[in-house]
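With the numbering used here, letter number 505 in the sequence shown gets 505, and the count goes up by one each step, no holes.
Just so you know, the hints here were simulated from the structure itself, not pulled from any lab data. Please note that a few of the clues may not be correct.
[Claimed, not checked] Ranges between beta-carbon positions, derived for each pair:
1) SER349 with ALA312: 31 to 37 angstroms
2) LEU343 with GLU414: 22 to 28 angstroms
3) SER310 with LYS411: 22 to 28 angstroms
4) ARG132 with LYS344: 46 to 52 angstroms
5) ILE503 with LYS344: 22 to 28 angstroms
6) PRO71 with LEU167: 23 to 29 angstroms
7) LYS91 with LYS133: 44 to 50 angstroms
8) TYR228 with LEU164: 55 to 61 angstroms
9) LYS91 with ILE202: 20 to 26 angstroms
10) ARG201 with ARG132: 30 to 36 angstroms
11) ASN427 with SER339: 20 to 26 angstroms
[To be verified] In the EDC-like style, the derived pairs of lysine to aspartate or glutamate whose C-alpha atoms are separated by at most 20 angstroms in a straight line are:
12) LYS260 with ASP198
13) LYS329 with ASP345
14) LYS418 with ASP458
15) LYS409 with ASP345
Nothing here was measured: the structure is a model prediction, and the numbers come from that model. All C-beta atoms in this analysis are idealised placements derived from N, C-alpha and C, irrespective of residue type, glycine included.
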Amino acid sequence: KGVGFGTYRLIINSNRTINLALRFKAIGTSYRLFVNGLLLSEIGKPAKDKQSSKAFVYPQVVDLPDSLTSPIEIIIHVSNFHDQSGGLWNKISLGDKKDIQSERESSFALELFLTGSLLIMGLYHFGLFILRKKDYSTIYFGSFCLLLSFRSLVTGESYLFQILPFLNYNWGATINYLTFYLGTPLFCLYLKTIFSKDIHRIPINIIIYICLILSLLVLLTPSIIFTYTLRLMHIIIVSSLLYGIFLMILLVIRKREGGKTFLFGFLIFSLFVINDILHGNNIIRTAELAPFGFFWFIFSQAFFLSMRFSRAFVRVEELSDNLEEQNKKLETQNEKLTSLDKLKDEFLSNTSHELRTPLNGIIGIAESLLDGAAGSLSKKVQENLSLVLFSGKRLSNLVNDILDFSKLKNKDLELNLKPVDIRTITNIVLGLSRQFVGKRNLELVNKINENSPLVYADENRLQQILFNLIENAIKFTEEGEVVVALDSGKNENINSLQSQKMITISISDMGIGIPSNKFETIFKSFELNSPLKNGQ
């Protein structure tokens, strides 16, 4: 074997010379066949130099003419200038035409079956990846299957050359080597994804990078160069398979999921591949078994992956049942909370109504005493009664707030809309709020003009809003001013009312302010910017 040209000659003494045929699998890389001096076949163009030769590798069956006489002389002129190894790569079969043809058809059918099986498994795992893109093991294994499926079309019976006869030797060799070299890193990535906790990255990465470099050589160099890398690739594959077997044994020892299934399939696969490597290098003379090893391994992996998905589905069902049970518990708790919330609202409403009567009595008695119903009062008593009256009205407002909040929550709040003098309401609220100022150097200012237009609103609700905002401003302002102002214009946030005149009431103070990250939360019920001072 090697580069150059040569002649093979065989003489067969046989009593039978009719209905005979020769079967050639592959001869590297071009040849002519003579039988008893007759040219019966020519594959490629054999010659004494590279310029005159043309490489082509294609298996065939050659029928011998019935006119042959014994002895049968078979002469094969072979030349090779395109591969590191040339000559007779496989045995030549001689036998009955029907037997030889049947043997080839059986081999052809088996290869197509293996090719179709690999193709289907590859597409199936691609579909699994589309359904669950987080699991990269399916895309790696699917790509590995598709590569092997495509490679089987240029090896063995070379079916690809039958359907695409325009392909030359370089195309076939490139496809053969490239799919072989890329399949190894894909398989390593598959193992790395499946058993990430048990596989060391360094040896796997070394194998991947070497295979990628060899793949680049296949793409960038002619076949006479990149075919010399085959021996190196054989060493890498054998080393990888031995490392893989060692790893599979560790998986079984560590009782990893699917470890036994993986070990059994990988062991058969490895032995068959090593057999083909030894057979291809003429170290042993057996047969090509790697396709059967591939099929067995893929079957075991399909079983392994189906086990994983089955357990995943069982886990999903268990989680779904648990989730359904938790949802039922939450629904029960929500019903209880809703009932308690309703009970709380009813309690607040009833309590507020019960508080109104004594509060109105306190306010009425205080006002009567201040009006002189019990005669003249000293200044000190009047101040105390004023404080009682103010506190009673404030407490009454708080009770009204509780009732309004309950109505607002239940969407029962009704508005009594009518023209309202906003300046007068502001003066009333500021007057009532001066009690909160105390001894602080704080001034309450109403900057709303006397000529300001009336607004269409609910007077009590508007007064309630102003009172709450102004009281809040007073709480957090030690000194300075709390100013109420009016700005007329169009509200651009309300699409249906953009053409109507609206007003904006602004309440500004010189207090601690509100952080920008609190702007959204201040509109929530009972939301506080900071803890209140002095127990307020």
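Hint check:
In this structure the supplied range 31 to 37 angstroms is violated for SER349 paired with ALA312, their Cβ-Cβ distance being about 53 angstroms. For the pair LEU343 and GLU414, the supplied restraint of 22 to 28 angstroms holds, since their beta-carbon distance comes to about 24 angstroms. A C-beta distance of roughly 52 angstroms is found between SER310 and LYS411, which places it outside the suggested range of 22 to 28 angstroms. At about 47 angstroms, the CB distance of ARG132 to LYS344 agrees with the hint of 46 to 52 angstroms.
Between ILE503 and LYS344 the Cβ separation comes to about 37 angstroms, which falls outside the hinted range of 22 to 28 angstroms. Between PRO71 and LEU167, the C-beta spacing of about 38 angstroms breaks the proposed range 23 to 29 angstroms. In this structure the hint that LYS91 and LYS133 lie 44 to 50 angstroms apart at CB holds, the actual value being about 48 angstroms. In this structure, TYR228 and LEU164 break the distance hint of 55 to 61 angstroms, their C-beta atoms being roughly 27 angstroms apart.
Under the hint 20 to 26 angstroms, the C-beta atoms of LYS91 and ILE202, about 42 angstroms apart, miss the expected range. ARG201 and ARG132 have their C-beta atoms about 24 angstroms apart, which leaves the hinted 30 to 36 angstroms range violated. For ASN427 and SER339, the Cβ-Cβ distance of about 45 angstroms falls outside the hinted range of 20 to 26 angstroms, so the restraint is violated. With a C-alpha separation of about 15 angstroms, the suggested pair LYS260 and ASP198 falls inside the 20 angstroms cut-off, and the hint holds.
Restraint check for LYS329 and ASP345: the C-alpha separation of about 24 angstroms exceeds 20 angstroms, so the hint is violated. Simply put, LYS418 and ASP458 have alpha-carbon atoms about 6 angstroms apart, close enough for the 20 angstroms limit, and the pair holds. Only pairs whose Cα atoms come within 20 angstroms are accepted, and LYS409 paired with ASP345 is accepted, the gap being roughly 9 angstroms.
Of the hints listed earlier, those the structure fails to meet are numbers 1, 3, 5, 6, 8, 9, 10, 11 and 13, in rising order.
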